[in-house]
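Given two chains presented individually in distinct reference frames, assemble the corresponding complex, making use of the accompanying hints.
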Amino acid sequence: MRVSQAEVYFTVSLGIIYGAFVISWRDPPFVNYPTSFNVTRLAFVNIHIRKQLQRKWSAVGNNLACLLILLSILTTGVACRLAGTGSQTTDNQTFQAEELIENKGSDTLVNLALAWAESYMESHPQVRISVTGGGSGTGIAAMINGTVDIANASRAMKSEEIEEAQANGFSPVEFEVAQDAIAVVVHPSNPVNQLTLQQISDIYTGKFTNWKEVGGEDRPIVLLSRETNSGTHVYFLENVIRLGKADSDLLFSPDTLLLPSSEGISAEVRLNPNAIGYDGLGYVTPDQKMIAVALDENSPYVLPSVETVNDNSYPISRPLFMYTTGEPSGQIKAYLDWILGDGQALVPELGFVPLK
Amino acid sequence: MVDIKSNDQLYRKWVEFSIESLIRVLGFSSIGFVILIFLFLMREGLTALINVSWGNLLGTRWYPIMEYYGVLPLLLGSILVTLVAILIALPLSVGTAVFIREVAPGWTREILKPMIEVMAGIPSVVLGFFGMTLLAPLLHRYLGLATGLTAFTGALILAYMALPTIISVAEDALDAVPKSYRDASLAMGATQWQTIWRVVIPAARSGILTGIMLGLGRAIGETMLVMMVTGNAARMPVTIDSLFRPIRTMTATIAAEMGEVAQGSSHYHVLFALGIILFLMTFLINLTAATTIFRKRRKGGLR
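Protein sequence lines correspond, in order, to chains F and L.
Residue numbers for the first sequence follow my numbering, beginning at 1 and rising by one.
Residue numbers for the second sequence follow my numbering, beginning at 1001 and rising by one.
Just chain L, same shape as in the assembly (with noise of 0.2 Å):
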């Protein structure tokens, strides 16, 4: 009896045993990819800056097939068109959320947010065909400008990728802001717009500065649709209308370079060294929405 009582109990262990370390060894696989690319990434990058001088690296032109590795203009092109993205997408985003969530009556509403996660689907490729062959041209002809392919171009596309992601991100926030805040508000005698503009999005910012990173976050790395749409000229972004002209992006150099270079030449390490500066970028902006979160939750409050 006690024989085939542990027996039973053994085998329940060994199932539980390997179903629990399964399922630990795919949850750390994720973390332990993260930090192979990593790996990988500073094995194929560091030797850039051994190969290459300081000077040339930090320099303004970029013509690689001559040797001209300045980084500056791919990376002042890049942090220029995705906070021109975020400074469109911000009031659009906040506005949508707003909408949503305390406007909008509830049939409104499930039509929505459906349709704002469709706007999620939508390939780049797909955004950036339409850039280039619709909204550049208008940009050309209405604003007047030389060409239509330009950093402007780049950042409405991008503000319009990243959308959806705030939208969502903001609109949970608000979500989780309580019902009895907005009474006592309105008790008070304030007015629906006096409540949300200063009860409701005070409550919520972090989880809207959260939705903010995350939409940063997207808008640096997409790659296809700057590709197509800002023209790739690696210009030093300085003069005042750099917006409205053609400038090159760290993921598009390295999309456009990576597939017909040489191994291990200077230009591939160089190549690796922008994916450095990128990741390093994605990872500075995410740790700064992470470490949002976990400080108002800390605290108590709200998200």
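If we strip away everything but chain F, and leave its shape as in the complex, we get (with noise of 0.2 Å):
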């Protein structure tokens, strides 16, 4: 949350205004004369009592107030101060004492990246990693200016961005950490077993409606479909909807669901014969049925696994990179050599396909 400075003071005058509005609130004045006996006397003396409270009450008040406004007005000097100061020592303490690794880049990386960075530093307390999403080209751009030791991108680097690393003085390597294959799943009962890219597309622009125009039976068909901030989401609207063509604006049918999480996706598969759905390979659960996926009629219908995945069969699926400036050297070696090693362990927990 970004805040400018005169949010902050107008925020703080706002503040000080109402607490002094508080604080100097007075309750309208309770009177309440008994009217039985001696009227004129007893509301003489009552109102005399009452002046007189009033005075030394609200003098007593004003002052209060003003302590209060002013000590508010301190604590939050110095309060700015210490946070200020404080986190710039801290920064720099860390810095001098561990060696700090940046990771930036995909956003259907980050999360991999995250339970890596986090892994290792359990194991390597002396390396501090910190990972930002962002996209594969600002990950790019970034360790392209130098100001990140490691890119995360979800596509190879384009000639341009390879030339551009060039002219800064360092031709940027490439690790292949792990592959994201996507499969499309049905209910079990469900007669189709295959279909074409083309045909999983019409499905889900809402050309098709009925599974017998796909070979099914007559049941209606329901979209499902993680949600739109899910970089599954994204990348199953470029690659199969859009059939990675660039200048397509088709989109997802407006009858979609979007569910929350795989969970949610698998549950209605798993319940519900009309529904086809699509997920992270890692997410598949037994009790769904894939679909067997062709890029074209004339071509071999394919299952997902991490065979037809790493031989590049599977029409749906792609390689997740990471990029480091030159040659990696010291502990980003290290970390590097990590993740293709023992760091595959955790690839399929996060719904990718593992490297061979």
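It cannot be assumed that every hint is accurate.
What the hints assert, rightly or not - Which residues of chain L face chain F? A few of them, derived with a C-beta cut under 7 Å, are: (1) PHE1028; (2) SER1030; (3) ILE1065; (4) LEU1149; (5) ASN1232; (6) ALA1233; (7) ALA1234; (8) ALA1256.
Said to hold, decoys possible - Some residues of chain F that are not near chain L, with every Cβ distance over 12 Å (derived): (9) GLU160; (10) GLN166; (11) SER313; (12) LYS356.
Keep in mind that the hints were calculated from the coordinates and are not lab data.
Quick reminder that beta carbons are idealized off the backbone N, C-alpha and C, glycines included.
Have a look at this one:
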């Protein structure tokens, strides 16, 4: 949350005005005169006492209000100072004490990268790894500018990006760290076993609304998808619905159910014979039926598995990369070696396909 | 002698004053927080009205990652689910309140009242899970729907959530009807049913209305349950069968998308604009509820 200085002043002054208002608030005087006896005398005495009391009280109240306001200003100022200087010193200290690896890029990879970083930092306390998302392009640009050590990317570097890096005096080195494959799933009782990418696209854009149009039973099709914030959703949109064409503006049908979790998709697919869903291969449970997918009508239909993903015969899969500025050395090399070795054990837990 | 007495008085005044101002600050701060929250919502949400065109905002397509920010399907989705939920909850809750208050013997009442309070305590996630794994497949099978995750499923569970609120407020309202009304009605020869339907319920009408408004406020703001059960498809609920099709509500949209959205992007601001719409809706509902209470009180009649 970025807050500008003007806003801080605004809020603080608002708080002070508010505080002063609350403190100086006086309830309207409560007057309840007995009417049965000697009204005038009693009323006179009452008002006299009341006036005296009010004078004293308001003086006390005003002093207290001033004190409170002063205190609040002082504490705010001091707190701001402390916060500012405090964070600076801690940053400097950790920077000197530990080796910091900056890791930035693809939002698809960010959870896996975080899991790797956490696990690695547990066994190597002298290394600190910071992982941020932002997208493959952002990560690669940051690596070219030298602000991060490792860039995560869910696509290969473009040739102009490599040229840009070479203009900066180094050639980036590519590491394939995992595979991302998306399985299309249906209810086990659904007789449909195989679909082409074009058919899947037509189903998800709402062109086909009945299973008999793709060789199934006479049932309506219920479309399931992950929420729009998931990397899988975007990948599916670009590479299946739009068939990888950059100029296509096809979208998910508005009837698509957006489910917040993999569990939501698997529950609905398990229970509903009308449903079709997709998810990362690692998230597919045995009680869902995976569909064999073909690039087009003339290509073979391929079921997703670790083997077919690694030999690139399954069409809805992509390699995930990490890029470094030149040949890595020291801690960065150790970290990448660990990812390609022991780190691969974490890959299936996050729904990706490990390297062979 | 006089000095000591005045010192003592001064001390007491100080204690009195500090306690009083502490209570006052605490009391006022809840109002202050509401104002601050509202200011924050405005600050974050009004930007959307400037950055995103009105044509886009009032469109019928919600697909934020491609910059489609049509709010209408979400707004109509929220309204549809909430209204149907209240329509379901209304007869059930008024019936329950009447039964507890007017018909049930003492021991039944003693059992039923705490049971209804327990009902209010069930977390909405649990209800959502129940709806997703049990109710949705049942509706899917027996109503012949394409999927069980529909607006109707959401409305059913929301109705269940709103029940305890409406029941307890309505029951209080019935309780406030003087015994003399019932006695008079019965003495004129009315049956118990006629007394309840023609005398007691009309006398408690504004209290029951308040309960409905509070239930409505609760239902429209419910998030987790709706997100799990209604399918979250941002389609326009304008066809006749919309009730039995998936819909997407404003609350579920905010909850699902706020976590990953880039701060300061127009998507982020549009989500806050949705928050403003929700805030205004619940505010209006609560205001209506409050004015019915006050109007009746001022007339000096029953609640």
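For each hint, the structure was consulted:
1. PHE1028: 5 Å, holds
2. SER1030: Given a least distance of 12 Å, the restraint on SER1030 of chain L is violated.
3. ILE1065: With a closest approach of 5 Å, the ILE1065 of chain L hint holds.
4. LEU1149: Holds, about 6 Å.
5. ASN1232: Status holds, d = 4 Å.
6. ALA1233: For ALA1233 of chain L, the interface hint holds, since the closest Cβ of chain F sits about 5 Å away, which is under 7 Å.
7. ALA1234: 6 Å, holds
8. ALA1256: Holds. Min distance 5 Å.
9. GLU160: 25 Å, holds
10. GLN166: Non-interface label on GLN166 of chain F holds, nearest chain L Cβ at 30 Å vs cutoff 12 Å.
11. SER313: 30 Å, holds
12. LYS356: 32 Å, holds
Violated hints amount to a single one, hint 2; each of the other numbered hints is respected by the structure.
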